[in-house]
Amino acid sequence: MKRLLSWVLAAVVLSGIAFFMGGYANDVYRKLLLWVALALSYNFLFGISGQVAFSHFSFYGIGAYAVVIFVFQLGLPLPLAVLAAAGLCAVLAAAVAIPSTRLEGFYLALATLAFAQLFVVVLNEGGKVTGGPGGLADYRLPEILGFRLAGPWYTALIVLLVLGTAALLWRLDRSWFGRACRAVRDSPEAAAAMGVDVARTKVIAFTLASTLAGFAGMAYAFVDNTVSPTIFGLENAFLLLFMVIIGGSGSHAGAVIGAVLLYLLPFGLSPLIGHHHALVFGVVMVAAILLQPKGLVGLAGLVRRARA
Amino acid sequence: MKRLLAVGLLALAHAFSGGAGAQDTIKIGVITDKVGPAKPYAEPVTEGAVFGANEINRKGGVLGRKIELLIEDDQGRPDISATMARKLVEAGAVFILSMSLTPATQQQQNVTLETKTPQLTPSNSGDTLTTQINNPYFWQTGPLGSTQIATLLSHARAKNLKRVALISDNSDLGQLLARFFRGGLEKSGIEVAVEEVIPRGATTAEPQMQKVRAANPDAMFMAGVLTPENVLILRAHRQLGLKFPIHSSYNLSVPQYMQVAKGLLNGLTFVDAYDPDKPEVKQFEAEYQKATGKTPYNLHGYGYDGILLVADAIRRAGGPDKEKIRAAMQASSFAGIMGAKGMKYSFPEGKRTGFDPTGMVVRVYEGDSQGRVVHVGAK
Amino acid sequence: MRDFLELAVSATASGCVYALIALAYLLMIRPTGIINFAVGEWAMVGAFAGYLTLSKLNWPYPAGMAAMLGFMLLLGWATERVAVRPLVHTGAPPLAPILALLGMLVVVRESVSIGFGPDPHQVPEPFGFAWQKEYMVGVTLAVFAGAWLFFERTLAGRSFEAVALDRKAAALMGINLPRVTAASFAGGAAVAGLAGILVSPNVSAHYLMGVPLAIQGFTALVIGGVGRVEGALLGGLLLAFAEQLTVRYAPIPAGYAQGVPLLLLMLFLVVRPTGLLRARA
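Residue numbers (my numbering), protein chains in the order written: chain A, 1 to 308; chain B, 1 to 379; chain C, 1 to 281.
Some clues are possibly wrong.
Stated by the list, open to error - Capping the alpha-carbon separation at 16 Å, the derived lysine to aspartate or glutamate pairs in EDC-like fashion look like this:
{"no.": "1", "chain 1": "B", "residue 1": "Lys262", "chain 2": "C", "residue 2": "Glu125"}
{"no.": "2", "chain 1": "B", "residue 1": "Lys27", "chain 2": "B", "residue 2": "Glu68"}
{"no.": "3", "chain 1": "B", "residue 1": "Lys211", "chain 2": "C", "residue 2": "Glu6"}
{"no.": "4", "chain 1": "B", "residue 1": "Lys59", "chain 2": "B", "residue 2": "Asp312"}
Claimed, not checked - Taking beta-carbon pairs under 7 Å as the criterion, some of the chain C residues facing chain B (in silico):
{"no.": "5", "residue": "Asp3"}
{"no.": "6", "residue": "Ser10"}
{"no.": "7", "residue": "Pro118"}
{"no.": "8", "residue": "Gln122"}
{"no.": "9", "residue": "Val199"}
{"no.": "10", "residue": "Val203"}
{"no.": "11", "residue": "Pro212"}
{"no.": "12", "residue": "Gln244"}
Keep in mind that the hints were calculated from the coordinates and are not lab data. Think of the CB as a built atom: it goes at the ideal place given N, C-alpha and C, for glycine as much as any other residue.
Based on the provided sequences and hints, a complete structural model is requested.
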């Protein structure tokens with residue numbers, strides 16, 4: 001009960017802030033929240049299940065495009081479109097994951113890299129359906145029961161999405177499924193010996209994480225009211241990886257910290273180091289792997305222990 | 001943990017709320033790309049605008065007040081572009097200049113439409129920017145793809161082209177330009193016998209150019225905007241011993257080609273909006289050279305004209321009222337340095353594209369340097 | 001028919017570039033099992049070194065080439081020292097060096113972008129326009145011949161093989177593991193830089209050229225197989241031929257032809273991840 005109360009409190013506080021911020025701050029906040037959601041689900045895929053994948057941001061894009069196409073081209077009501085888009089993400093994720101179960105480590109990463117690039121090709125060649133290189137624009141969130149979510153209310157919706165993702169992943173992490181994922185990550189042979197179905201665990205983890213990314217994508221579609229292939233390119237896949245590693249892979253708090261830090265820092269760093277924050281991130285990421293693989297979370301832990 | 005997060009976010013929110021600026025400057029926002037794929041093009045355009053703003057301020061500013069340029073970097077990412085637009089609006093910008101990629105400018109339109117802020121792109125050439133969304137606060141004075149092909153075609157009219165090849169790359173602007181080039185060609189009754197695409201990262205364009213050769217065209221039109229891929233096309237043209245003439249979009253006017261495509265450019269015609277023989281252009285080049293020590297080229301001119309056009313509109317509006325500026329901008333009739341002799345920017349009949357469709361010129365490469373103007377206008 | 005012959009030459013030249021990148025990967029994977037995705041950026045550095053020495057400073061071609069190779073050897077060795085050896089020492093999971101190298105990828109690319117700007121730059125051909133392809137093929141064959149001889153005939157090469165087969169046994173037999181690793185990275189960097197300087201007269205030296213090359217090279221490696229040096233060459237040629245023949249002859253829209261290498265990669269990864277050529281027993 002107490003736990004539920006703290007989640008509700010978090011929802012209220014995090015949404016409440018939105019009502020005190022102007023349009024620009026709200027925009028930054030919304031996109032930050034979406035990155036946090038992405039980092040959390042990617043952390044589950046990469047940090048907890050040990051699968052290196054570059055397709056996560058593509059599923060973000062699939063969710064976004066799918067919901068727009070379903071609502072505005074097929075005329076589906078919004079709730080149905082959301083479910084259909086989620087279903088599409090799940091099917092595509094399974095289609096990528098099932099044949100890839102035999103691939104180890106970086107081979108999976110390359111297969112998902114190819115998938116991510118293919119996604120952009122399909123978007124560009126999609127003609128009227130995907131809007132081609134220009135993408136889809138000129139749409140707005142449809143009204144539900146005569147009521148349209150906008151401004152801080154939409155931000156509140158995104159807060160709910162993020163908290164929902166966090167709660168789900170946190171719960172899963174603590175369940176036997178989470179333990180199975182970790183076991184597969186650390187040693188597939190040992191996990192198999194303990195009776196874990198390695199292939200099925202990997203597929204479920206990949207499908208779940210990718211579908212969660214898809215949900216975040218659906219929320220994004222109505223943030224800028226435009227989707228185009230440029231937004232879902234490969235650069236962001238690297239950024240996501242950096243976020244999770246620098247924050248501390250395997251840790252939910254780490255994912256949140258990494259996302260917040262790497263998303264907000266460029267805004268603040270611009271006056272200092274010009275605009276080459278990618279360079280700084282690359283250096284920090286290398287440093288993180290070399291010195292503190294547990295990322296910032298691990299660093300915080302060290303500090304805490306040193307002080308004790 | 002969550003409480004800490006909330007407090008932290010509150011503090012950040014405070015930091016992000018734009019403060020009220022000084023009352024005595026007119027703020028004009030500029031969104032450019034300083035690190036991403038549009039940088040080679042966005043940077044000189046922005047430099048031209050900065051030079052123009054400094055010049056305006058030296059001559060007394062606008063309505064007695066100085067112009068303050070608030071420059072933001074969108075890193076070539078459209079989602080950040082929209083955020084930057086919001087930031088500029090909240091910081092008090094009365095006009096936004098978009099110097100970044102076409103999709104970024106598109107994203108910013110959602111914001112300028114919502115906040116009723118005037119927005120101008122002086123360099124983007126994507127035709128869909130004024131058609132995808134109906135935004136009365138948005139103007140485009142870059143040379144449209146449709147204008148480019150019309151100008152190229154009117155120059156080629158004497159050559160009696162029956163069937164041509166169209167080649168581009170897989171960037172979004174390249175695809176957009178290809179679409180409008182095709183439209184213009186077909187409207188003129190010219191058959192596009194073959195259309196090819198060179199993907200980003202290709203190591204050769206020979207397979208595509210072989211298909212072009214097999215179609216035996218009278219000429220080839222280049223609509224691509226990526227330099228490495230365009231160089232591949234020119235190399236393949238030479239490698240395969242092709243003889244038909246090449247007509248290109250304004251992308252080939254970028255001076256970098258003279259360095260990376262040495263020996264491949266002779267005889268290539270391209271559209272440009274920069275007539276180096278115009279007295280205004282000569283004066284601009286001299287003054288820019290004096291102020292910065294660097295030689296400007298056409299891209300700088302777009303930015304320069306953009307800021308001068310905006311300043312002129314604000315002047316006529318009588319003040320930094322966004323609605324008055326909108327009306328004044330729509331009624332513009334302004335002679336910049338770009339375009340053929342005597343060209344003016346204007347937006348007649350509620351149009352939002354301001355570059356005179358007859359204002360482009362066709363130039364030809366002589367040897368490895370950009371040569372003379374061989375044709376003016378699109379009649 | 002003329003088209004096919006011309007295409008064969010073009011595909012062979014492109015295939016050689018892919019093959020060199022694949023060889024760079026292979027040189028590092030064999031002894032260490034580490035996939036260094038930064039080879040694409042290394043190729044870019046090679047291209048820029050070519051621009052700097054040959055175009056800007058106007059050195060004679062052999063001098064520029066030597067300078068580039070020397071620099072790349074140093075860069076490879078330094079990368080191994082900084083990003084790989086500490087991790088191997090501390091017994092980090094095998095994924096860690098791969099990720100560290102990904103970070104290096106970004107660092108290298110941003111550094112070049114800061115140093116040289118975003119514009120593409122020209123790299124000259126040593127034998128002029130007409131002979132560039134033949135030059136590329138010639139250099140590649142020479143490199144592969146050298147690599148094959150090294151692995152098959154020299155003691156140092158054999159020690160590489162030994163390390164590849166069984167690290168512990170090799171160490172027990174007195175082979176200096178860190179030296180082998182450092183040498184493999186240095187060699188990989190030099191080969192990658194070579195690929196860069198060979199391809200850049202075509203595509204110019206620009207800071208975004210790394211990732212496409214890295215993907216193309218890895219696809220070539222997967223097709224040819226990690227087991228043998230010849231596999232890299234075979235994979236590169238097959239990939240280039242598949243790519244270019246598809247564009248030329250397949251009746252699909254131009255845009256979709258780009259998907260061919262990606263589909264090939266995914267196909268091979270799923271169906272035959274060990275590649276076409278098996279390692280020798």
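Status of the hints after comparison with the structure:
1. B:Lys262 with C:Glu125: Given pair B:Lys262, C:Glu125 holds - Cα atoms ~11 Å apart, limit 16 Å.
2. B:Lys27 with B:Glu68: holds, 5 Å
3. B:Lys211 with C:Glu6: Given pair B:Lys211, C:Glu6 holds - Cα atoms ~12 Å apart, limit 16 Å.
4. B:Lys59 with B:Asp312: holds, 13 Å
5. Asp3: holds, 5 Å
6. Ser10: holds, 4 Å
7. Pro118: holds, 4 Å
8. Gln122: holds, 4 Å
9. Val199: It holds, given that the least Cβ distance between C:Val199 and chain B is near 6 Å, below 7 Å.
10. Val203: holds, 4 Å
11. Pro212: With a minimum Cβ separation of about 3 Å from chain B (threshold 7 Å), the hint on C:Pro212 holds.
12. Gln244: Holds, about 4 Å.
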